[in-house]
Amino acid sequence: MKRVVLLSKHPVIRWVGRVARRRVRRVALITGLFLAWQGTSSYLLAPHAVTLLPAPTSIVVAFIDLLRSGEIVFHVVESLKRVLVAFTLAAVVGVSLGLVMGWWRVLGHLVDPVVEFLRPIPPMAWIPLSILWFGIGDTQNMFIIFLGALFPIVLSTIAAVHGVDRTIVWGALTLGGTRRQILWEIVLPGALPLVVTGLRIGLGAGWMALVAAELVAANSGLGFLIEDSRNLLYTERVLLGMVLIGFLGLAMDQLMRGMQRILVPWGVEFKR
Amino acid sequence: MAQLDIVDVRKVYTLPRDGQRVEALGRIRLSVDQGEFVSLIGPSGCGKSSLLRIIAGLESPEEGQVFFDGARVTDPSPRRGMVFQEYALPPWKTVAANIALGPKFRGLPTAERDRLVKKYVDLVGLRGFESRYPHELSGGMRQRCALARTLANDPDLLLMDEPFAAVDAQTREILQEELLRIWGEHLPPRERKTVLFVTHSIDEAVLLSDRIVVISARPGIIRECFVSPLSRPRSEALRSSPEYLRARDHLWSLVKQEALKAMQQRAAD
Amino acid sequence: MLTRIARFIALPLLLLVIWELISGWSPLSHALRQVLPPPSVVVVDAWQLLMTGELLNHISRSVLRILAGLTAAAVFGISIGLCIGLWALFEDAVDPVIEFLRPIPPPAWIPLGILWFGIGDAQNIFILFLGAFFPIVLNTIAGVRNVDRTLIWAALTLGGAHRQIVREIVIPSAFPLILTGLRIGLGIGWMALVAAELMAARAGLGFLIQSGRYAFLTERVLVGMIVIGLLGLAMDGGMRFLQRRLLPWNVNLQ
Numbered sequence: 350m351k352r353v354v355l356l357s358k359h360p361v362i363r364w365v366g367r368v369a370r371r372r373v374r375r376v377a378l379i380t381g382l383f384l385a386w387q388g389t390s391s392y393l394l395a396p397h398a399v400t401l402l403p404a405p406t407s408i409v410v411a412f413i414d415l416l417r418s419g420e421i422v423f424h425v426v427e428s429l430k431r432v433l434v435a436f437t438l439a440a441v442v443g444v445s446l447g448l449v450m451g452w453w454r455v456l457g458h459l460v461d462p463v464v465e466f467l468r469p470i471p472p473m474a475w476i477p478l479s480i481l482w483f484g485i486g487d488t489q490n491m492f493i494i495f496l497g498a499l500f501p502i503v504l505s506t507i508a509a510v511h512g513v514d515r516t517i518v519w520g521a522l523t524l525g526g527t528r529r530q531i532l533w534e535i536v537l538p539g540a541l542p543l544v545v546t547g548l549r550i551g552l553g554a555g556w557m558a559l560v561a562a563e564l565v566a567a568n569s570g571l572g573f574l575i576e577d578s579r580n581l582l583y584t585e586r587v588l589l590g591m592v593l594i595g596f597l598g599l600a601m602d603q604l605m606r607g608m609q610r611i612l613v614p615w616g617v618e619f620k621r
Numbered sequence: 011m012a013q014l015d016i017v018d019v020r021k022v023y024t025l026p027r028d029g030q031r032v033e034a035l036g037r038i039r040l041s042v043d044q045g046e047f048v049s050l051i052g053p054s055g056c057g058k059s060s061l062l063r064i065i066a067g068l069e070s071p072e073e074g075q076v077f078f079d080g081a082r083v084t085d086p087s088p089r090r091g092m093v094f095q096e097y098a099l100p101p102w103k104t105v106a107a108n109i110a111l112g113p114k115f116r117g118l119p120t121a122e123r124d125r126l127v128k129k130y131v132d133l134v135g136l137r138g139f140e141s142r143y144p145h146e147l148s149g150g151m152r153q154r155c156a157l158a159r160t161l162a163n164d165p166d167l168l169l170m171d172e173p174f175a176a177v178d179a180q181t182r183e184i185l186q187e188e189l190l191r192i193w194g195e196h197l198p199p200r201e202r203k204t205v206l207f208v209t210h211s212i213d214e215a216v217l218l219s220d221r222i223v224v225i226s227a228r229p230g231i232i233r234e235c236f237v238s239p240l241s242r243p244r245s246e247a248l249r250s251s252p253e254y255l256r257a258r259d260h261l262w263s264l265v266k267q268e269a270l271k272a273m274q275q276r277a278a279d
Numbered sequence: 004m005l006t007r008i009a010r011f012i013a014l015p016l017l018l019l020v021i022w023e024l025i026s027g028w029s030p031l032s033h034a035l036r037q038v039l040p041p042p043s044v045v046v047v048d049a050w051q052l053l054m055t056g057e058l059l060n061h062i063s064r065s066v067l068r069i070l071a072g073l074t075a076a077a078v079f080g081i082s083i084g085l086c087i088g089l090w091a092l093f094e095d096a097v098d099p100v101i102e103f104l105r106p107i108p109p110p111a112w113i114p115l116g117i118l119w120f121g122i123g124d125a126q127n128i129f130i131l132f133l134g135a136f137f138p139i140v141l142n143t144i145a146g147v148r149n150v151d152r153t154l155i156w157a158a159l160t161l162g163g164a165h166r167q168i169v170r171e172i173v174i175p176s177a178f179p180l181i182l183t184g185l186r187i188g189l190g191i192g193w194m195a196l197v198a199a200e201l202m203a204a205r206a207g208l209g210f211l212i213q214s215g216r217y218a219f220l221t222e223r224v225l226v227g228m229i230v231i232g233l234l235g236l237a238m239d240g241g242m243r244f245l246q247r248r249l250l251p252w253n254v255n256l257q
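Residue numbers (our numbering), protein chains in the order written: chain A, 350 to 621; chain B, 11 to 279; chain C, 4 to 257.
Next up, chain A with everything else stripped away, as it sits in the complex:
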């Protein structure tokens, strides 16, 4: 983490001491925040206002309850299942389309306007149309996820193909490589880092789209859980659901980053 040294408040303290102090400070401040929250919800708020901001402890209790009843696992699995299927499809379609559009420029120029026209329409805006088409349930959810993930993947892949270092391609040409050989040996591996980044972004976008879709048109899943809990005024479950959604999204992102490091070890050279 690059820090602008001169702008810290206590520049004279020795390095080790400073880092330790900061860590302690962080933990203290976070704990203080939680305690303030707990106190406010438990003692300061009138009973009916507690539905607006339940105490952290009640969220934990709700978590344990739902865990025991198996509901949490059920909803998480439902959501993850949908994301997995739809994202894989988006990845396959998106990367193939992106590669074709990136490599064969004429085709790319032809299809590009269609992509550029559909892209600005956010996946959420597709929800009513998709309900008219597919009704409520898995198919509709997965359709929305697919749309959410597709565009970042296609765009990143096209950029990846175009962005392969020109001098490396030149080098391969002077070594006598044919067009096909260069595609296999140079362009595909060269595009890989950015393609994987596109997949990571696509997964994030797909997850967000899933939540929106499940809010409106599902009978299971985390999005359904929080909307349903809202209707029943179980605010602690709403908050619990939100935290889980956030946590799972983060976990999947970290997973993708890990895969990026394994698949693309030379990506160290390239900045994100």
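For the record, the hints were derived by calculation from the structure and aren't laboratory data. Idealized CB from N, CA, C, for every residue including glycine. Check the hints yourself; a few may be wrong.
As the list claims (entries may be wrong) - What follows is a set of in silico ranges between Cβ atoms, one per label pair, in the way DEER data are often shown:
1) C:Leu236 <-> A:Val426: 34 to 40 Å
2) A:Gln603 <-> B:Ala81: 53 to 59 Å
3) A:Leu429 <-> C:Arg36: 35 to 41 Å
4) A:Arg515 <-> B:Arg191: 29 to 35 Å
5) B:Val32 <-> A:Leu429: 53 to 59 Å
6) C:Leu250 <-> B:Ala179: 36 to 42 Å
7) C:Ala237 <-> A:Val426: 25 to 31 Å
8) A:Asn568 <-> C:Ile21: 32 to 38 Å
9) C:Val38 <-> A:Leu537: 36 to 42 Å
Position chains B and C against the provided structure of chain A, taking the given hints into account.
Structure of chains B and C alone, referenced to chain A:
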């Protein structure tokens, strides 16, 4: 007949921003014989690199033609190998894989490829680094790898575009000596590869070449073809010999004029 | 030039024609009426909405909301981002909260938003604020952190004091990234607004397409989607234009 004939080549670039046409190379006419080491020197932006890429077949000239061994040059070919300033090494291939790339493109069997890799790894002095990736190597080592992979295709013509510019000064001097050794300075011209070497450094040009071509500021034309008075083999001691210094002074006075012109041009742009 | 335009509209035009023929003039058109009405019907509906003023009403509601929300997100986001980047104490207190809340996507906030604000402008703006806030904060922090150290050192050797350096060096240096953050925030905020309006609004483009769905008027849904897309594109284009005008020295932008 000369091996390489550059006949009335002109190069014009169109600036993407405003469509302005810039003449990078004026009329260039040059002949190079087999086994010659020719350097191209001149100010920045005078089209030296463009000329090299035209000879390589990576770019095409506005006018004029290039002939290699009697045949017209239109496309890149492994017979005209090129070494780039930025190495141009795919970072996902090991040193060995990079050196084997040309042979792989040509469809040679694995055993043959391995033999070539071993031969050229030894030649450029990268033994022990075959499994390393480019980002694990120093600049000088990367350039050795780039040189090895170009040589592994056994080209007749070696085009070198400021190959040592991105390397620190000390490594640079070492690589210069290595290059002469690898090129086969001691061999008769018929058994050596022809080298066309672009550089900013007059010292480098004088030390390495048989002939030095001075290119003018934009539009680049040949200012002078200077035949080196130095004998081969070249050695460290030559750097302070009177012939060396005279050659250097003469060339610098030419290049300096062109460099000043180029600076004024840039300011006017 | 003309060939470029021709190539650009070639495929979309072809698809539109095919769509019109299959959906409007073929034996399938009766069945397709609900699923995908032909472009002609969509255009007619759009025209009607425009004439009754309904369309403009919804558009202005949504646009007003995005302006309000984005402004709020910009004000809060940039100030908090600057404070986090410049003051360690502030960073320690606030950064963990941001890192904790950030992974929660804006749609996930919608139920809570409805509980807190009910249905209407406040909830919509709240959700879009959340969508825009995090990219703005993150990019502002990055902008501050990525200030070229050598520029600061140079300023120090010229005798600059803390406050002066922040004003003269850090903030201008961070400006390009801050603008990028605003552009990204606008994009995500627009998306979040549409989602919020789908569920909890009585006017606006998100409400329009939802109402179209309830009334089984697919053409209305399509009109809404197209307008949402066009507006989003226009706003993004506007931001890019702003970026280019305000930052002439920054040729290599994201």
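When the hints from earlier in the document are held up against this structure, which numbers fail? Hint check: 7 fails alone, others pass.
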